[in-house]
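Engineer: Sequence lines, in order, name chains A and B.
The first sequence lines up with residues 1 to 112 when you count with my numbering.
The second sequence lines up with residues 1001 to 1113 when you count with my numbering.
Worth flagging that the hints you see were computed from the coordinates, not collected in a lab.
A few of these clues could be false.
Pairs of lysine-lysine, BS3-like flavour, derived with a Cα cap of 30 angstroms [as the list claims (entries may be wrong)]:
#1 A:LYS107 x A:LYS42
#2 B:LYS1057 x A:LYS67
#3 B:LYS1057 x A:LYS42
#4 B:LYS1057 x A:LYS2
#5 A:LYS2 x A:LYS67
#6 A:LYS42 x A:LYS2
#7 A:LYS70 x A:LYS2
#8 A:LYS107 x A:LYS56
#9 A:LYS107 x B:LYS1057
#10 A:LYS70 x A:LYS107
#11 A:LYS111 x A:LYS56
#12 A:LYS56 x A:LYS2
#13 B:LYS1013 x B:LYS1057
#14 A:LYS2 x A:LYS107
#15 A:LYS70 x A:LYS56
#16 B:LYS1057 x A:LYS70
#17 A:LYS107 x A:LYS67
#18 A:LYS42 x B:LYS1013
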Amino acid sequence: QKEVEQDPGPLSVPEGAIVSLNCTYSNSAFQYFMWYRQYSRKGPELLMYTYSSGNKEDGRFTAQVDKSSKYISLFIRDSQPSDSATYLCAIPYGGSQGNLIFGKGTKLSVKP
Amino acid sequence: KAGVTQTPRYLIKTRGQQVTLSCSPISGHRSVSWYQQTPGQGLQFLFEYFSETQRNKGNFPGRFSGRQFSNSRSEMNVSTLELGDSALYLCASSFGGSVDTQYFGPGTRLTVL
Chain A
1 QKEVEQDPGP LSVPEGAIVS LNCTYSNSAF QYFMWYRQYS RKGPELLMYT YSSGNKEDGR
61 FTAQVDKSSK YISLFIRDSQ PSDSATYLCA IPYGGSQGNL IFGKGTKLSV KP
Chain B
1001 KAGVTQTPRY LIKTRGQQVT LSCSPISGHR SVSWYQQTPG QGLQFLFEYF SETQRNKGNF
1061 PGRFSGRQFS NSRSEMNVST LELGDSALYL CASSFGGSVD TQYFGPGTRL TVL
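Just chain B, same shape as in the assembly (with noise of 0.2 angstroms):
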């Protein structure tokens, strides 16, 4: 079956500007999760959405937003760039127990300059 698909791939912005980033999930996966990885900090949990709803959030600035619609792919966002946002954004989906296994993307590479 298709795995996780994240589009664009990658992304030149410039700070100020925002972006959307796409994920689309593996059919029947109802979790969606979002994670920054950069050489300094490593991964990140951004946050998680479960049928629609955040389920989980992790320690990022309001800047960084994210929504699920109902076919379960997922959108985050990120308003006002900064020169630090510059990093491969993840995701992964699953089924969303607790015992269950993510799958990542290949992720987007975003450079803000």
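Here chain A stands alone, though its shape is the one from the complex (with noise of 0.2 angstroms):
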């Protein structure tokens, strides 16, 4: 079992709808989670990151993270077309920032 699991789609919504993006994990010890974003040709960029359980909001932005089923997510309200871009969870490795552990991507399109 890989230590984050992600769900690559792609997925496509219409502008202006919810999505929900997640990712699980597997070791418990883990504190630290963050979401990046990847648009075409550019690398990755912090988008949010929290601490242990709970949201955190940002925004159309909110991050979620349930420590008892070793599970994330990602919620964006009112999508829009510049939303449109590759999504990573990852985690630090050993509580270290510099080692981080990606999920795979989800490709998020946004329809006008």
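Put the two chains together into one complex, using the hints given.
Structural biologist: This is how it looks when you write it as structure tokens:
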């Protein structure tokens, strides 16, 4: 079993839809959870991070962690065509941000 | 401030050759990490350097090596290239603390023929 699993999609939604992106992880010791966004031909950029369980909101984006089920989610409200990108969940391995374990990424397309 | 830069952006090599990729971190950042991204395996961690020392290492063969210079610039080297080494190689820099954000460069696209 891989340490971080993510459904690769692709996922296609109409503009304005609510998007739900999900990952599962295997190691209960993980504490930090991140979401990166990667546009085509670019490097990933950090979108949000959360520590331990709970929700964190930033504008149209909400990150959610459920440590009891080892499940992390990213919700995008009122999705826009500019949100079309690949979304990757990531977890620091051994507590080091310099060593991230990534999910395989979900490719999202928001149609106008 | 300037972001992470990587050179070259594109590279074509043949099997058996070796290649050196370069990464210039954001000014002030002391940690540089390297990742390999392929459609099949996704993003995989290669190694991290902090203050010229390798701090973490991923599960890649010894053909993959790296180093960091006193100005925090980093290079990675792949010797005896194989077809499977074709990938996007990304570097990321940060201040190096346990909660510091990593900033990624645009990557070097390596094609091995």
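Engineer: Given the hinted pair LYS56 (chain A) and LYS2 (chain A), is their Cα-Cα distance within 30 angstroms?
Structural biologist: holds, 26 angstroms
Engineer: Below or equal to 30 angstroms on CA atoms is what counts here, so check LYS1057 (chain B) against LYS42 (chain A).
Structural biologist: holds, 24 angstroms
Engineer: Does LYS107 (chain A) pair with LYS1057 (chain B) here, judged by a C-alpha cut-off of 30 angstroms?
Structural biologist: holds, 28 angstroms
Engineer: Assess, step by step, whether the Cα of LYS42 (chain A) is no farther than 30 angstroms from the Cα of LYS2 (chain A), and give holds or violated.
Structural biologist: holds, 25 angstroms
Engineer: Does the alpha-carbon distance linking LYS70 (chain A) and LYS2 (chain A) stay inside the 30 angstroms limit?
Structural biologist: Roughly 13 angstroms separates the two Cα atoms, so the pair holds.
Engineer: Between LYS107 (chain A) and LYS56 (chain A), does the CA-CA distance stay at or below 30 angstroms?
Structural biologist: holds, 22 angstroms
Engineer: Given the hint that LYS70 (chain A) pairs with LYS107 (chain A), test it: the Cα-Cα distance must not exceed 30 angstroms.
Structural biologist: holds, 22 angstroms
Engineer: Need the status of pair LYS42 (chain A), LYS1013 (chain B): alpha-carbon distance at most 30 angstroms?
Structural biologist: holds, 22 angstroms
Engineer: Would you mind confirming whether the straight-line C-alpha gap from LYS70 (chain A) to LYS56 (chain A) stays at or under 30 angstroms?
Structural biologist: Answer holds: LYS70 (chain A) to LYS56 (chain A) is near 17 angstroms, not above 30 angstroms.
Engineer: Quick one, are LYS1057 (chain B) and LYS67 (chain A) close enough, alpha carbons at most 30 angstroms?
Structural biologist: holds, 27 angstroms
Engineer: Under the criterion that the straight-line Cα-Cα distance not exceed 30 angstroms, is the pair LYS1057 (chain B), LYS2 (chain A) satisfied?
Structural biologist: Status holds; Cα separation ~18 angstroms.
Engineer: Does the structure keep LYS2 (chain A) and LYS67 (chain A) at a Cα separation of 30 angstroms or less?
Structural biologist: holds, 17 angstroms
In the structure shown, no violation is registered for any of the earlier numbered hints.
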